[in-house]
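6 protein chains.
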Amino acid sequence: MLAGRMKDIYIADLAGFDEGRAFDSFFLVLTKQQRTTKSNKPYLNLVLGDKTGQIEARVWEPGDPRIAREFDRGDIVKVRGSFSRYEDRAQVKVDQLRKAASGEADKLDMLPATARDVDALWAQLMGSIESLANANLKQLLTALLADTELAKAYREAPAARQLHHAWLGGLLEHVVSLLGLADRVAAHYPLLDRDLLVTGVILHDIGKVRELEWDTGFDYTVEGVLLGHIQIGVDLVEKTIAGLPGFPERLRTLVLHMILSHHGKLEFGSPKLPMIPEALALNFIDDLDAKMMAVQQAFEKASREGKAADELTDKVWALDQRQLLSTKEWLKAGNRE
Amino acid sequence: MLAGRMKDIYIADLAGFDEGRAFDSFFLVLTKQQRTTKSNKPYLNLVLGDKTGQIEARVWEPGDPRIAREFDRGDIVKVRGSFSRYEDRAQVKVDQLRKAASGEADKLDMLPATARDVDALWAQLMGSIESLANANLKQLLTALLADTELAKAYREAPAARQLHHAWLGGLLEHVVSLLGLADRVAAHYPLLDRDLLVTGVILHDIGKVRELEWDTGFDYTVEGVLLGHIQIGVDLVEKTIAGLPGFPERLRTLVLHMILSHHGKLEFGSPKLPMIPEALALNFIDDLDAKMMAVQQAFEKASREGKAADELTDKVWALDQRQLLSTKEWLKAGNRE
Amino acid sequence: MLAGRMKDIYIADLAGFDEGRAFDSFFLVLTKQQRTTKSNKPYLNLVLGDKTGQIEARVWEPGDPRIAREFDRGDIVKVRGSFSRYEDRAQVKVDQLRKAASGEADKLDMLPATARDVDALWAQLMGSIESLANANLKQLLTALLADTELAKAYREAPAARQLHHAWLGGLLEHVVSLLGLADRVAAHYPLLDRDLLVTGVILHDIGKVRELEWDTGFDYTVEGVLLGHIQIGVDLVEKTIAGLPGFPERLRTLVLHMILSHHGKLEFGSPKLPMIPEALALNFIDDLDAKMMAVQQAFEKASREGKAADELTDKVWALDQRQLLSTKEWLKAGNRE
Amino acid sequence: MLAGRMKDIYIADLAGFDEGRAFDSFFLVLTKQQRTTKSNKPYLNLVLGDKTGQIEARVWEPGDPRIAREFDRGDIVKVRGSFSRYEDRAQVKVDQLRKAASGEADKLDMLPATARDVDALWAQLMGSIESLANANLKQLLTALLADTELAKAYREAPAARQLHHAWLGGLLEHVVSLLGLADRVAAHYPLLDRDLLVTGVILHDIGKVRELEWDTGFDYTVEGVLLGHIQIGVDLVEKTIAGLPGFPERLRTLVLHMILSHHGKLEFGSPKLPMIPEALALNFIDDLDAKMMAVQQAFEKASREGKAADELTDKVWALDQRQLLSTKEWLKAGNRE
Amino acid sequence: MLAGRMKDIYIADLAGFDEGRAFDSFFLVLTKQQRTTKSNKPYLNLVLGDKTGQIEARVWEPGDPRIAREFDRGDIVKVRGSFSRYEDRAQVKVDQLRKAASGEADKLDMLPATARDVDALWAQLMGSIESLANANLKQLLTALLADTELAKAYREAPAARQLHHAWLGGLLEHVVSLLGLADRVAAHYPLLDRDLLVTGVILHDIGKVRELEWDTGFDYTVEGVLLGHIQIGVDLVEKTIAGLPGFPERLRTLVLHMILSHHGKLEFGSPKLPMIPEALALNFIDDLDAKMMAVQQAFEKASREGKAADELTDKVWALDQRQLLSTKEWLKAGNRE
Amino acid sequence: MLAGRMKDIYIADLAGFDEGRAFDSFFLVLTKQQRTTKSNKPYLNLVLGDKTGQIEARVWEPGDPRIAREFDRGDIVKVRGSFSRYEDRAQVKVDQLRKAASGEADKLDMLPATARDVDALWAQLMGSIESLANANLKQLLTALLADTELAKAYREAPAARQLHHAWLGGLLEHVVSLLGLADRVAAHYPLLDRDLLVTGVILHDIGKVRELEWDTGFDYTVEGVLLGHIQIGVDLVEKTIAGLPGFPERLRTLVLHMILSHHGKLEFGSPKLPMIPEALALNFIDDLDAKMMAVQQAFEKASREGKAADELTDKVWALDQRQLLSTKEWLKAGNRE
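Chains as they are written, first to last, in the numbering used here: chain A, 18 to 354; chain B, 18 to 354; chain C, 18 to 354; chain D, 18 to 354; chain E, 18 to 354; chain F, 18 to 354.
Note that these hints are calculated values from the structure, not bench results.
No experiment lies behind these values; they were computed from the predicted model shown.
The reader is advised that the hints may include incorrect statements.
Since the list can't tell identical chains apart, any single copy or any two copies may satisfy a pair.
[What the hints assert, rightly or not] Pairs of lysine-lysine, DSS-like flavour, derived with a Cα cap of 25 Å: (1) Lys256 with Lys318; (2) Lys58 with Lys324; (3) Lys110 with Lys58; (4) Lys349 with Lys155; (5) Lys256 with Lys155; (6) Lys49 with Lys124; (7) Lys324 with Lys49; (8) Lys169 with Lys58; (9) Lys49 with Lys256; (10) Lys124 with Lys68; (11) Lys332 with Lys318; (12) Lys110 with Lys349; (13) Lys345 with Lys116; (14) Lys155 with Lys68; (15) Lys345 with Lys282; (16) Lys68 with Lys169; (17) Lys282 with Lys155.
With the hints as constraints, model all of the structure from the sequences given.
The following block contains the structure:
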């Protein structure tokens, strides 16, 4: 049987392998289907993932004793197999497979995750809370994140299923970037109540901890689909405030309004338009940060795919299907001409 | 000074008065403004209302001892004055004015109110709750309406500020009409869970008790403008459920989804589209009932304004500015030709 | 040669067959194409259908004397063949094929058809006409459906090519459901002229008998594409009324308006918005019934495809690509947890 | 009493009159209302029109024996009165008024009318019909316009209530302009069937003869509002074709499609998009001709209102509220600088 | 005749005047019309403006020798008159009027103007140009603003005719605010080329110097209406670059793209969407700054109009007709309760 | 090695070839990619094009000395190979390949090109310029096209990458068709300044000479994507006018407005709506001509694909996905029935 070893081969590495080369490593099972060949022989079709990507895998002999009987979508498994290509598509032929023992492999290795240091990001978030002058808002945020399960989820959650920051820790990474931007913008416009803006930044997407689930890839929960992260976030805040006697009624209304209106338009799912300066500013910086990240990702993807520095990217879904051009690369390439 | 008497003259009656005829009655002060004449003499410009309409009034001698010093928007006042017309516009010239003593006049006489018997409507609502087979839903509705202040507001609230059912008791009248329609539709489609649909009907607009205020005419509260009745209603239900241990989590999600999605489209302020059959049905019957009421009102208005039975109405705001035709009147008029 | 036998094997049954199992049955030819293999050998590629679905079929030896020379799209054929799978796609290998003799197979077996008893549905429709108090409307409907060819088409027509009620008898099934709903809604709103509403229900889609054709699958006729079922229906009614001396001019206008406006919006192909209460109500119940049927079909499809009771369905085309959840199944599954 | 005389004073002439100058002339009564003065004295408020415009008029002594008792909206009346201004608004003070005797005044003098010779326009229309090579289309048009009442209405009808060609004879003037344009465009694109295009031009707006009424100003009929000129036009053609045995079924479909699709978009009230080249061309030239006329009218209005030659016009309603500039006038003014 | 004196009475002061009080001051003539009274006497109707507002004025005796014969829209005039009110509308009765001699009055006093020090703003702009590392961009901006007429116009131009920053110096004030914001945002996103962003900020609205004219109130030029400030700005830049040999072709394309795309959407008049990160950022900060200024103005207007600190503002045109709430005022008022 | 021979085999011819038949001919390399087989053997995947279409090609032995080492996208190559089919897709197996010597093959043979005589089209364009009465406009056009590089590009450019007139010479063909149409329309509407309209026709799309590039298939340039042909065209005209002293300023504004507004709507990329009659007319005829060409192409495609004369075409992308019907073919087919 396969011995337990720490993961040292990632899916991104396989692209460089020769046809047929054997290896073993841990993966997350993303899908598992029973199928039959043309000659009616049953086999298993799997999709395996880790933090660098995903790949199809085939178990041609599911009855082999070296293949575990009991494993399912969401399990981490140890696989021994070899690499092949079918019609330009990479594939793993699985020879041995067993479930990972508890502690043998790290869940964070199994899904795409932020490249940033999560503890450092978290410390920045805590620092922002600490910096608030408004005692009520500081108390609200402190009380909310005192729930350790919620805090853990906040550290882990992706910011989206597919678009920007779609990786573990993405929510936190996005929020911390926004905190920096919010401080800059609040300093520029004296009209803005900086504490309320910071509070809005920290709370606007908090409902994503229950709207999304990231045990087996990134997906929406049924509750998430039926209620949405705006409503879930509002409820988390309402219930926390209910436990804070003396929290000013007007401040409660403003905080909730920040969450409700942060998508900026009814047709984007906000039931209210921003009607206070801080809500208006939050909507702008949230949108700008998401788009700057989408731009960054589009350039990285183009570079990974070997596009010339002075080509336009493919059409970017998160930016209304427009193509983008990297100013810096294009100018640099122009200078070389 | 003016003696207290029950209101027996209504604004709608004044249209029939001769120029200059004197009268006295109770009214609600809807607006009060200081103005000056061309010759720089100060006077008061008022708008007075009662349940049959509203009318402008002028106090040409605000210093006269028979005119109360202290009264404001929202007060009920006893007025002695006379009726006049200025450029085809009816007006009251006020000779005496004092604040009504408590109990002297009935608030319900001062704003437009349902023509239906509110106690009977309330009994129908209670009967619907009683009829529910699902014990959890029955418990939820019972607990919520056990709050007497809330129940009182539910009985009084208009259904809207301006469009359909914009009168005291309008919310209740609309809900009771919907309960009848919901029973008919649920009986037609076995797919529908009748109890969930009925619950949705009773709760969908409950947030209007705080979104609107009707002390001095109908208006939105600041909280109502910033949060909206959908969010307010969801919060009322969330907090009631929080007090009901054992309320099934999934049922809670569905009830909340009914409220969140009942406007049917994002651009109408629902952050979620209806995704369960009952939410879809609720959106349809709510919309149909509001539109049928708008049709009815348009016909009544046309008839009040002396339109011929076979003319089209004016453009109806609540129906995308289209004109309407009364089938029955038009055919009847055709038969007479 | 193949002997004639009644159809006892349906396409839906084939899914359960072992690879290679032989069978014979009648099918409708939905498409027929000449192709060549890589090695340049000609073969026939067919799509065969019956009321349970459709399947690809290959005739590898089109020159074989057991394969009829003369057959075409739209013919019913008797096929002897065997079942196979190619890349998970079911396929029939055809060994023998001949055209069905007249009377050998029932056309109604060859296309998806209503599960309801068409005679019973028709009787309900006739009962509704019988129930009308308005003699002119009763006369109009009776005269129109006295045309036996039209009546036959009304019984057979699908309600749509693809969306809701896309099966033989679908139009009638949809209309009969609407008649029940119309009676309930008319009883709820005294404002409505029940006879006009019922007439609108029966006539609103009657133009589909010429807009669609269902000889070889469901498709639009050229006339249907150029004129549309609204215009075709209006013309059928106009010409019937032209043969009814004394039919009131105003009633004619209202009936035509019901048909013209039933899609409710210009951008949905209605050249006029509903402007009478009955047209408004017809638009609502027509839309609701179509959507409730789409919901029902989505749940049935999910169940056929083995989705868990508490999963969301796939995105539903007829409901703006939203996903749906079956209230009853989800709650049931929740109770089992 | 007023003697009968031919109309020699027009509303447009009054602008030049001195305050108080007396005159008499024939006018069409466009509205008639009973009112009372502030001092409660009854008077009549009229709007009088003729082909050059309209003006308000007051009858201060409706009981005077020189004022006819019996007259109404739609009547032509002989008025003796004097001219005055009230807050910059012109007004007629009426001293005597009687109904015109039959034949005393010409209806065509009473409403805005084309400046073109209607007989000449009609001859051009007839010439176009005569020029058709397709015998069926020629027969259809000839049969339709053989109905003398219809032909009379076709000669009189405005093309619209308010926008382009809103004057008597406007429909005919618009159609004749289109016939010229159609011939030019058909000559340019050999793909086009000129006869079908010409037929479409003549028939596309024919339903306006019943959609509009022009007895007392320009207005929509109830039938027009409920059915629309597209449907009315289609019905006129359908019934004419029904009386032409042997008219080719396909040609009928194409002619009807031309009418149905001529607005070019669903949201403009066409239930079908143009799907044949002639329908596409008709939509373009119809739209272009209406817009060129709107441009022309905007320039004429600006010139009437004394705008400088090189100013932009006011916002033009028929052109999405854009402002226009007269190329020729602007360049000319530039040359003078 | 009126002696020359510096302006010491402003239109905003008149509101506090008693009826009939005499005064004299300088004003800009915004409109001048010949009119006649009811009794046919000619008079002049003027609109006079200065930097604090505008007011109607009447010259009842235009033939009086103390009234100048020759003056026109756009002239600065010295007026002696008295203040009155007509139907609550303030008005000036003019007794004497003469054209101001050159130098007697300051044009900047006559139109609303920025409250900021224009020289200081200009110095900030120059400082930003000085700070650029990219020599080509620095050269471009320097060359462009070396045109003294253009530089003068840049200092004077309003940023809009009506919406945000609609006052003299508004363009410069808006640009300087953006420069501060751009530096903050560029520091936050290393992806951004700060020099290109700063250049875009300075150039994006430069075409407004010819799109608008501000001699007699704020209006569009004909060229501005036909070409728009985007095209005018692009042309200014193109022609400046044409005079800079060796300016890199790619950099030219990027600078032009910044201007072309800064409205962010085709329907807002940008012929191109932002496709480089700097253009995306420019669109966001430009929009945010305009909206923050609109918010500020709405709060100032509400405060001027005496709205309570905790009321919503009127609907704000520049923010899709939404109402706004001042966070700080509302919370403060809440604390006082 | 392959000897040089004129191209006599076109891609369109290959469809009729037997499997495996050898041939040699010149082609343009449209794409070139390195790939590996499943067994890890490298090969080249090419797309080859000529004026009749494009086809995939495989070089299985890229190391073979008969295969050139150095060739790239955009090169014309001489290929010897054989024809095959893989899953119904045509393919060329390449045995020998070398770059074409200069002059050996005609570039115009390599891309789809107009069927019209380019010299004759150009003469028509020159004739239109010659016919202008306005000396300034004639001078402008003459000066612009005196640039031989620009004139060459104008003759070669396609009118679009994909939609209408997407072939070499397509721009010129489209413009010449428009010139004919413009003359007809200008003759019909005396309001129009024919010279300005003609100038607009010639200049409206001139920016496409730099927006598109057609060396290796049709594609957008980066400048084209960032600036667009409207801006590029305006710049060409601005700079030409800058070299024509005395060109009237107003005429310049009008010419530029014609180019800027010719797409007719902001959302189609025109930053200004047409505001002069000539711009309005240009927008209409440009749109009509493009659509008539799309109709023509759709009919030709349907006929090439063997559609029956009386079928509807496939959905046409350039016409909002609608299907089209050929009037003439459908009627002809109807007559045969």
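Going through the hints against the structure:
1. Lys256 with Lys318: For Lys256 and Lys318, the Cα distance exceeds 25 Å both inside one copy (42 Å) and across copies (37 Å).
2. Lys58 with Lys324: between (42 Å within a copy, 24 Å between copies)
3. Lys110 with Lys58: Classified as both: same-chain Cα gap 16 Å, cross-chain 20 Å, threshold 25 Å.
4. Lys349 with Lys155: between (47 Å within a copy, 18 Å between copies)
5. Lys256 with Lys155: both (16 Å within a copy, 23 Å between copies)
6. Lys49 with Lys124: Close inside one copy (19 Å), not across copies (42 Å); limit 25 Å.
7. Lys324 with Lys49: between (34 Å within a copy, 14 Å between copies)
8. Lys169 with Lys58: So Lys169 and Lys58 fail the 25 Å test inside a copy (45 Å) and across (49 Å) alike.
9. Lys49 with Lys256: Neither, since 39 Å and 41 Å both go past 25 Å.
10. Lys124 with Lys68: Result: close within a single copy only, 9 Å intra versus 49 Å inter.
11. Lys332 with Lys318: Within one copy only: 12 Å inside, 29 Å across.
12. Lys110 with Lys349: Close neither inside one copy (43 Å) nor across copies (40 Å); limit 25 Å.
13. Lys345 with Lys116: neither (47 Å within a copy, 35 Å between copies)
14. Lys155 with Lys68: Neither. Shortest intra-copy (35 Å) and inter-copy (45 Å) distances fail the 25 Å Cα cut-off.
15. Lys345 with Lys282: Result: close only across copies, 24 Å inter versus 33 Å intra.
16. Lys68 with Lys169: within (19 Å within a copy, 54 Å between copies)
17. Lys282 with Lys155: neither (28 Å within a copy, 36 Å between copies)
This entry does not satisfy hints 1, 8, 9, 12, 13, 14 and 17, going by the numbered hints stated previously.
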